[in-house]
Amino acid sequence: MEFDARRMENDYTEIIQRLPLSLRLAYGTGHVLNDICASIWFTYLLVFFHLVLGFDPTLCGVVLLIGQIADAMVTPFVGLHSDRNDDFWLCRYGRRKTWHLLGTVCVILAFPFIFSPCVGCENAHQGAQLVYYAAFVVIFQFGWAAVQISHLSLVPELTPTDHERTQLIAIRYTFTVFSNVLVYCIMWGVLHITSDQGADAQIGPGDVHKFQKVVLIGIGIGLVASLIFHVFLKEGANGNGDTNDVLRRNTRTASVLLKDTKLYQVACVYMSTRLYINLCQVYIPMYLHVSLSMPAASLAYIPLAMFLSSFLMSLFIERLNTKLGRKIAYSIGALLAICASVWIQFGNSDTYIKYEIYPVAVLLGSAGSIMLVTSLGICADLIGQNTESGAFVYGVMSFMDKLSNGFAVMLIQYLVKRCSTSCNNYYRDILTYVCGGSAIFGLLMILYMRPFSHDMAYSTLHHNGNEDRDPSIENLANEGAEVSFTGHAHVT
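Sequence positions in the sequence shown follow the working numbering and run 1 to 492.
Check before you lean on any hint, since a few could be wrong.
Pairs of lysine-lysine residues, derived as DSS-like cross-links and limited to a Cα-Cα distance of at most 25 angstroms, are as follows [said to hold, decoys possible]:
1. K213 - K262
2. K259 - K327
3. K97 - K234
4. K262 - K354
Hint data in this document are derived by calculation from the structure and do not stem from the laboratory.
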């Protein structure tokens with residue numbers, strides 16, 4: 001027994017050292033297509049439909065709501081089926097990578113039609129055009145959800161340690177930032193360099209082909225990144241399979257997870273984080289265009305400043321989480337977000353428009369980076385060694401995220417019509433109160449949560465009355481995978 005325990009401990013140490021940089025980078029490329037499409041979707045959907053196609057503000061919100069509801073409905077479905085080990089021939093390619101491949105195809109086929117005029121129905125009633133766009137939105141969101149859930153659920157399968165998981169998530173977010181920066185650089189180039197109306201021109205109906213160019217370039221780059229992911233990352237090839245099979249012999253079922261209050265606490269943290277990031281991304285362009293009357297190019301270079309700061313911050317997030325713990329790291333991000341919201345509320349001078357908007361963008365980007373990576377790390381902590389239920393957990397997180405974002409945008413767009421004759425301050429108040437409120441809610445939830453350790457893989461043995469567990473393996477799991485929100489992640 002002592003020999004078995006020592007051998008298991010040595011194997012566990014080998015696992016920590018066995019995740020090469022090439023595999024981490026290959027993993028990071030797997031979400032680039034999604035990140036590019038999400039950046040265009042959240043940043044420019046309202047701009048395109050309202051300012052370019054001339055849709056009613058409420059209908060613009062309906063388009064986004066349809067997408068968010070479709071995504072929310074699909075994520076638990078994808079999560080449940082992605083966790084299954086089927087004998088279907090295609091699933092032998094890898095249960096996660098199969099769903100990733102299916103989602104990639106759906107995204108590539110549907111997304112370009114969303115940012116194009118209605119084919120054969122350009123002059124039809126907006127309600128009829130809405131049905132046309134809704135079909136492509138649903139297909140796109142199904143594919144996007146399949147890629148997101150399958151990609152996230154690979155994290156706990158590639159490595160069993162908190163430290164390595166945080167690194168993978170940080171690399172994933174680095175590629176997310178790179179994708180967003182790329183989109184804004186392309187958009188800036190297309191809007192600024194190809195503009196015939198001068199540097200002060202604003203977005204209008206004549207810019208429809210410019211948006212199509214940006215989408216097609218982004219899809220092409222995302223396709224190349226997805227090919228790299230599928231060629232160089234072999235599911236289960238990292239050597240963790242045997243050990244993880246031992247650690248998760250009695251995985252938690254969906255019904256057990258749904259009864260765990262920690263699932264909903266983590267979901268609230270993740271939901272508030274996504275609300276903050278996505279609503280900032282959606283309404284920064286409208287804030288710049290309507291509230292500050294800045295030129296069209298600002299819709300590219302201000303978001304670019306946000307995501308450059310996100311990229312720089314992503315280089316330090318893993319160390320921040322390791323040294324200070326999840327709770328303190330998230331609190332720092334939330335406080336930065338609150339400071340940015342307060343600054344936006346009181347910033348309306350010419351000096352603010354010319355100079356101060358850039359440090360505000362830096363604060364917004366840095367805060368979102370810290371909060372998102374930390375909240376995803378907490379999700380991975382909740383899963384622990386129970387990787388068989390990983391996709392379902394991420395599906396629940398995404399379900400709450402998508403629904404909350406969809407209804408929030410729909411309500412905000414509906415209230416646009418109810419504002420006074422001048423709506424110049426409306427989008428400023430959205431960034432202040434709604435985004436700032438989301439950061440405060442996330443901060444309160446993370447402070448309320450208690451630390452949890454991942455002997456959860458073995459707690460199910462007690463509930464099931466199974467007496468055949470190996471104490472040496474149980475001790476190794478408890479010592480090797482203990483997670484603390486308030487301090488270091490302890491790795492044997």
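For each hint, the structure was consulted:
{"no.": "1", "hint": "K213 - K262", "result": "violated (44 angstroms)"}
{"no.": "2", "hint": "K259 - K327", "result": "holds (24 angstroms)"}
{"no.": "3", "hint": "K97 - K234", "result": "holds (9 angstroms)"}
{"no.": "4", "hint": "K262 - K354", "result": "violated (45 angstroms)"}
Going through the hint list in order, the structure does not satisfy hints 1, 4.
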